[in-house]
Structure formats: C-alpha cells, structure tokens
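Visitor: Protein chains in written order, with our numbering: chain A, 167 to 454; chain B, 167 to 454.
I should point out that these hints are in silico values taken from the structure, not numbers from a laboratory. Treat the hints loosely; a few may be bogus.
Identical chains share a label here; the pair holds if one copy fits it or two copies do between them.
[To be verified] The calculated DSSO-like cross-link candidates involving lysine-lysine, where the alpha carbons are at most 27 Å apart (straight line), are:
1. LYS446 <-> LYS179
2. LYS421 <-> LYS359
3. LYS359 <-> LYS343
4. LYS221 <-> LYS382
5. LYS449 <-> LYS363
Protein chains: 2
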Amino acid sequence: MTKKLIAKPLIKKIYADLKNEISTNAWNPHLVIILIGEDPAAKYYVENLQKKGMKKGFKVSTKLFDPAISQEQLLNEIEVLNTDSNVHGIMLQKPLPKHLDESEIVMAINPDKDVDGFHPLNMGNLVLDRDGFVPCTPNAVLQILDFYEIETEGKHIVIIGRSDIVGKPLANLLLRKNKTGNATVTVCHSRTKDLPKHTKEADIVIAAIGKAEFVKADMLKESAIVIDVGVNQVEDPEKGYKYVGDVEFEASFEKVKAITPVPGGVGSVTTAMLLSNVLKAFKKCVSS
Amino acid sequence: MTKKLIAKPLIKKIYADLKNEISTNAWNPHLVIILIGEDPAAKYYVENLQKKGMKKGFKVSTKLFDPAISQEQLLNEIEVLNTDSNVHGIMLQKPLPKHLDESEIVMAINPDKDVDGFHPLNMGNLVLDRDGFVPCTPNAVLQILDFYEIETEGKHIVIIGRSDIVGKPLANLLLRKNKTGNATVTVCHSRTKDLPKHTKEADIVIAAIGKAEFVKADMLKESAIVIDVGVNQVEDPEKGYKYVGDVEFEASFEKVKAITPVPGGVGSVTTAMLLSNVLKAFKKCVSS
Numbered sequence: 167m168t169k170k171l172i173a174k175p176l177i178k179k180i181y182a183d184l185k186n187e188i189s190t191n192a193w194n195p196h197l198v199i200i201l202i203g204e205d206p207a208a209k210y211y212v213e214n215l216q217k218k219g220m221k222k223g224f225k226v227s228t229k230l231f232d233p234a235i236s237q238e239q240l241l242n243e244i245e246v247l248n249t250d251s252n253v254h255g256i257m258l259q260k261p262l263p264k265h266l267d268e269s270e271i272v273m274a275i276n277p278d279k280d281v282d283g284f285h286p287l288n289m290g291n292l293v294l295d296r297d298g299f300v301p302c303t304p305n306a307v308l309q310i311l312d313f314y315e316i317e318t319e320g321k322h323i324v325i326i327g328r329s330d331i332v333g334k335p336l337a338n339l340l341l342r343k344n345k346t347g348n349a350t351v352t353v354c355h356s357r358t359k360d361l362p363k364h365t366k367e368a369d370i371v372i373a374a375i376g377k378a379e380f381v382k383a384d385m386l387k388e389s390a391i392v393i394d395v396g397v398n399q400v401e402d403p404e405k406g407y408k409y410v411g412d413v414e415f416e417a418s419f420e421k422v423k424a425i426t427p428v429p430g431g432v433g434s435v436t437t438a439m440l441l442s443n444v445l446k447a448f449k450k451c452v453s454s
Numbered sequence: 167m168t169k170k171l172i173a174k175p176l177i178k179k180i181y182a183d184l185k186n187e188i189s190t191n192a193w194n195p196h197l198v199i200i201l202i203g204e205d206p207a208a209k210y211y212v213e214n215l216q217k218k219g220m221k222k223g224f225k226v227s228t229k230l231f232d233p234a235i236s237q238e239q240l241l242n243e244i245e246v247l248n249t250d251s252n253v254h255g256i257m258l259q260k261p262l263p264k265h266l267d268e269s270e271i272v273m274a275i276n277p278d279k280d281v282d283g284f285h286p287l288n289m290g291n292l293v294l295d296r297d298g299f300v301p302c303t304p305n306a307v308l309q310i311l312d313f314y315e316i317e318t319e320g321k322h323i324v325i326i327g328r329s330d331i332v333g334k335p336l337a338n339l340l341l342r343k344n345k346t347g348n349a350t351v352t353v354c355h356s357r358t359k360d361l362p363k364h365t366k367e368a369d370i371v372i373a374a375i376g377k378a379e380f381v382k383a384d385m386l387k388e389s390a391i392v393i394d395v396g397v398n399q400v401e402d403p404e405k406g407y408k409y410v411g412d413v414e415f416e417a418s419f420e421k422v423k424a425i426t427p428v429p430g431g432v433g434s435v436t437t438a439m440l441l442s443n444v445l446k447a448f449k450k451c452v453s454s
C-alpha cells in the first residue's frame, strides 16, 4: 500500500466533485464566515478559504466585527444570518475575544447551517448516527481512511487526545456500524498512564494532541498506520518557522506501514470538508 | 474495599435526598409516561415506577395509547405534553409498535423534558460536557463508581457494548474532565477481535452487551473492578426463570477486586436516576 498518505489526490477528487455538482445544477451555495477582529492568522485563513471556495462555485462572504462587539449584538447578527434564506452555512472563525461566551454563540447558530458541526444537536446526531453535520477534522480523517482503503472494522484504533472538535467526535464516528467504523476504539489523553503501552498495541494511531512531534517512532508498532492530525508551528533555522505534526515523522515513516505527512495530510482536507458541509447545507435548504 | 458493590445503600441515599428536597420545598414534580399497548413487562415496570415515585413525592401519570395509534397522533400528543407547564418530564416506554418511527418521536420530545436523555441535543450536551439530561443507565454506573469511591482518573476502563443508550454515552462520560471521568477508555463490541486481550488489561470492565454471563472470570484480571450492566432473563429449574448479568458472577466474584451483582446492582439504580432527572427537569422549569 501507499506509505505516505498524502491528501492531494483525495482533495483533488473532492473539489472536482463539488465543482461539478454545483455547476451542473447552477447552484449558489453561500457560506458566511463570522470574523471578529483582525487576528492575522485567522484573516489569512479566511482569505484563503474565500479564494478556494469561489473557484469551486461557492459564494463565501465575511462578516467582520469589531472585537468590542457585545454578546447580545453578536447573537442578534447570528439570528439575522439564521433566518436569511440566501445564507446556507455559518462558520464562526476563532479565536473569539475573551468577553464572549463561545458556548452560547455556538448554541445560537441554526443547526441546519452549522457547517462547523460544533452545535450540540449535531454532536448528538453524530453519536446517534443520525443525519447532521460532522466536524471537519474528524471527517477529514475518515475521508483519508476511506480514500486509501484502510479497513477499520475490527481494528484497534488508539486516539490520542479527547478534544470536543477532534478526539471525542472521532471516537464516536469510528464506533459507527459502517465502512469507516466498526473499530475497537481507545481514547488516550493527558491523564493516561503509560501511553506507549496503548499506542504500541494499536493497528491505527490517530494523534490529535497539538504537541509537536510528541509521538515517537518507538511508541508505534511496525504494522501500524498513523494519522497525524496535529499542525504545530516550530522554529526552523532556515525559514524561521515550519509546521510539524504530533508525530515524529522521519523515524516513524521509516518504521510504520503508512503515515500521513504534515503539512499535506489531514489538515489539507479540512477545508474541503467545510465546503462539502456548505453544499450539504445548501441542499438541505433547497429540499426543505 | 467492599467486594460486592450492591446498589441498596446508594439508592437509599438518593431517594432520601430526593424526598427531602421535594417535601422541604413543597414541590410537585410531574412525570408522564407514554405507554403504548399492554406489554406485560412494560406495564409492570410502569406501575412499579409509579408506586416508587409517589412515595418520594413525585406525581407519575401514565398516558396509555392504543397500539394502533398513528405517528401523527402520537406526535400531536407529545406536543400537548411539551407545552403543558404542569408536566416536567416525559418518558417514552418501550417497546413501541413497529409502525412508529422511534427516532422521530424521540426528536419530538422537548429536550428540557427529555428525562430519558435520549434526544440528540442531550446526547450532544453530554459529549460536550454541557448541562443536560444524562441517560439513566450510564448515570447509574457513574453513581456506583462515585458512591464506592472507585477512582477513574488514569484508569483503563474497557466498555463492552456500543449501544446508543449505554456504551456510547458511558464512554463519553468517562472521558470528561471530572471526578468520575479522566479515564483511558476502550470501547469493544461484536466486531472486536480478541476481546479477552482487551478485558484482561482493564482496571475497570463495564459489561453492557445484553448476553447472559458472556464475560467469564478468565477474561478479567484479579485487580479488576467489574460493573455489570446486563439484566438477562434465563431459565431456572426451581423458579422458572431468574435474572443474571452479562458477567459470570460466582467465579468472577471469587477472582476480582469488586463486582456489582445482578439483580441488586446497576439496574436497581436506574429508576432513581430517572426520578432524579424528573426533579432536575422540574427545577429547570421553575427557574426559567
């Protein structure tokens, strides 16, 4: 099998399918990004998303708000977007200013437009295998497993990390009774005793802890498949900085059966998942 | 530590607290049970629940419907209960006739009255550690762990079973960052290869598969704590039938550190959890 599980051919396929479906039907799916303040990384990400989306036939708008916006004002703005039939997806760009209650804001987004998949109703739908929006990063992991025909049924998958946006939803997805599910799933985290004992037993290791090169090659068995969700910025003597994953790549690549690179792995698929969710939201909207 | 983790002292405490809180405040929490048809086991359970609830100060009513009730009629009846300010909790007694769409019915129940904790919004709240209703059986397991001061932090807990009402919510609860959480959690099920390999490594085994005495003593390590969620009716030469758990009790009791009995274990706590949820729903209602 392919040893370096690169995202490129998968992304190409997803984007071609999205573009084709949108243009064939002359659809106009519209994503609105809520951006509060001028965080440079957030702004860069949003501009990039806009360019990418427009190329595929999406309308991507940004609602830029002053960092001093009150909770109430923001909730009102969200309500306007919730009821606007020309808006199909709403994305909340982080980070949010500290005075805002993120949990309440996420709850205020219409679950049918919640393309991030962070609303508790969508999380519940995910657990119960009901139709809804799956968060982009866990969905990207499933797409990579599926694209490279990595069987999950009966496999022991060890997830490192229990975040609300990656580890927990992923664990629930991998337990589903379908092609990318049916796995025996272990969730490890900061309180886990003897992490290497668990990872060494795993057929598939999914690292989602946000710590640069935390998982070492000697924590993995040779037949393991490694999915690296981490994207960590570290210093680089030549370029100033570079991005690395949660897994020590070179040594692991030499050892294991297959591994996703960083960059060019899971992270690259998440934007495609977001746009897929926008198209799904559009279709929900026109069919209802 | 106590070797046989019996529910009795815990239940006694929960009921005393509920009764005390209700009578002190002169509250009148009201649970409505939706019962469709005359399944004898369901009827027996409901009557029992009514007696128990009334003793503690709850009003427990039954809405008995003809098994031929249509989906639409039932949804209308639920809507009436949803908006009735004198009804605080709604419980859907199973089994439902096959022509009814259970998923749609659960979705129709007001999440603030969903004392079963089966609505996707409550499941999402559970995963995201937000306030909501936790399903009774997983909650009963947590209460037993807490009552017997069984530490979960850093422990490796193996859950056998991935049902929507026990295995999956329990896995998410045990990952929470609190006193009955912070565990390393493995979920095994029918597709798991080499189940004994997993159970033998577990500090705590939770069996929730619904198969009589499926887990044998030789699948457990001596220091293990065993929580048996199963309640299975089996033939008994003397009494006609009896109830046993998912774990072979006698041999396991001799071997392991502690184990819940069946009957008299997890199952006995679930009704107390349901009534706790009804009181919680009442308090939500009066505070809003």
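Visitor: Now look at each hint and say whether the structure bears it out.
Guide: Hint-by-hint comparison with the structure:
no. : hint              : result
1   : LYS446 <-> LYS179 : within (17 Å within a copy, 49 Å between copies)
2   : LYS421 <-> LYS359 : both (24 Å within a copy, 24 Å between copies)
3   : LYS359 <-> LYS343 : between (30 Å within a copy, 15 Å between copies)
4   : LYS221 <-> LYS382 : neither (39 Å within a copy, 59 Å between copies)
5   : LYS449 <-> LYS363 : neither (45 Å within a copy, 46 Å between copies)
When the structure is compared with the earlier hints, violations turn up for hints 4, 5 and for no others.
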